[in-house]
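Sequence order for the protein chains is A and B.
In this text, residue positions in the first sequence follow the numbering used here: the first is 1, and each later residue adds one.
In this text, residue positions in the second sequence follow the numbering used here: the first is 1, and each later residue adds one.
The set of hints was computed from the structure by calculation and includes no laboratory data.
Careful, some of the hints might be misleading.
What the hints assert, rightly or not - Incomplete in silico selection of chain A near chain B, CB under 8 Å: (1) Ala31; (2) Gln36; (3) Gly41; (4) Met48; (5) Ser51; (6) Lys53; (7) Ser82; (8) Ile86; (9) Glu96.
As the list claims (entries may be wrong) - Ranges between beta-carbon positions, derived for each pair: (10) A:Pro110 with B:Glu85: 15 to 21 Å; (11) A:Gly40 with B:Lys83: 23 to 29 Å; (12) B:Glu53 with A:Val44: 15 to 21 Å.
Quick caveat, the model's predicted, so the values are computed rather than measured.
Note that beta-carbon positions come from the ideal geometry of N, C-alpha and C, so glycine has one too.
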Amino acid sequence: KNEVEQSPQNLTAQEGEFITINCSYSVGISALHWLQQHPGGGIVSLFMLSSGKKKHGRLIATINIQEKHSSLHITASHPRDSAVYICAVVSNFGNEKLTFGTGTRLTIIP
Amino acid sequence: EPEVTQTPSHQVTQMGQEVILRCVPISNHLYFYWYRQILGQKVEFLVSFYNNEISEKSEIFDDQFSVERPDGSNFTLKIRSTKLEDSAMYFCASKSDSNQPQHFGDGTRLSIL
Numbered sequence: 001k002n003e004v005e006q007s008p009q010n011l012t013a014q015e016g017e018f019i020t021i022n023c024s025y026s027v028g029i030s031a032l033h034w035l036q037q038h039p040g041g042g043i044v045s046l047f048m049l050s051s052g053k054k055k056h057g058r059l060i061a062t063i064n065i066q067e068k069h070s071s072l073h074i075t076a077s078h079p080r081d082s083a084v085y086i087c088a089v090v091s092n093f094g095n096e097k098l099t100f101g102t103g104t105r106l107t108i109i110p
Numbered sequence: 001e002p003e004v005t006q007t008p009s010h011q012v013t014q015m016g017q018e019v020i021l022r023c024v025p026i027s028n029h030l031y032f033y034w035y036r037q038i039l040g041q042k043v044e045f046l047v048s049f050y051n052n053e054i055s056e057k058s059e060i061f062d063d064q065f066s067v068e069r070p071d072g073s074n075f076t077l078k079i080r081s082t083k084l085e086d087s088a089m090y091f092c093a094s095k096s097d098s099n100q101p102q103h104f105g106d107g108t109r110l111s112i113l
């Protein structure tokens, strides 16, 4: 069983729609990252959070530590939001390496 | 904004050859990581490096792999004798302190022929 599960694997939506991507994890963590990977392959960190909620522009990330669940929301989605969104957790143990989910491929249609 | 830079962006190598992937982490960062992503799969941890030594490595990081920080700025990943299954995107990441986010380079796409 994967330590980090994401859903859905693929998501296609119309421009302007509200998007939600979910992440569940099974290990103890000190923090959770949401990352964005564009077709060229580069990875950009969107959020790192360990409790509550963070907002940056149209992106909102929430985490519920008790339920071991996090969500990434995109409001007023735009075609430029099309990318793979990856959830990654920082374990309580070891040297804070990231354990990655399989990613959610988001496509926003104009 | 400071960036993690990786070179080359694409490396094509014959099986059995040695390859060195280079990374320049952000200058005041202290923690360094290598990850890889085989095409179509999730990103996997390879190795972490702190205080001039390996702090953790995964099962993937066998004797064929090594890391070095030769001059205080570069952070390299060497694969001694490449195999076909080493073909992947390799990402370098760094961070300044514990509980800080990791910053990623754009990756090196390694193709083994």
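Here is what the structure says about each hint:
1. Ala31: The hint holds - Ala31 (chain A) has a Cβ within 8 Å of chain B, the shortest such distance being about 7 Å.
2. Gln36: Because about 10 Å separates Gln36 (chain A) from the closest Cβ in chain B, which is outside the 8 Å limit, the hint is violated.
3. Gly41: For Gly41 (chain A), the interface hint holds, since the closest Cβ of chain B sits about 5 Å away, which is under 8 Å.
4. Met48: 4 Å, holds
5. Ser51: Not OK, violated: Ser51 (chain A) not within 8 Å of chain B, min 12 Å.
6. Lys53: 17 Å, violated
7. Ser82: 18 Å, violated
8. Ile86: Because about 7 Å separates Ile86 (chain A) from the closest Cβ in chain B, which is inside the 8 Å limit, the hint holds.
9. Glu96: Holds, because the Cβ-Cβ distance from Glu96 (chain A) to chain B comes to roughly 6 Å (cut-off 8 Å).
10. A:Pro110 with B:Glu85: 15 to 21 Å: 39 Å, violated
11. A:Gly40 with B:Lys83: 23 to 29 Å: 25 Å, holds
12. B:Glu53 with A:Val44: 15 to 21 Å: For Val44 (chain A) against Glu53 (chain B), whose Cβ atoms are near 29 Å apart, the range 15 to 21 Å is violated.
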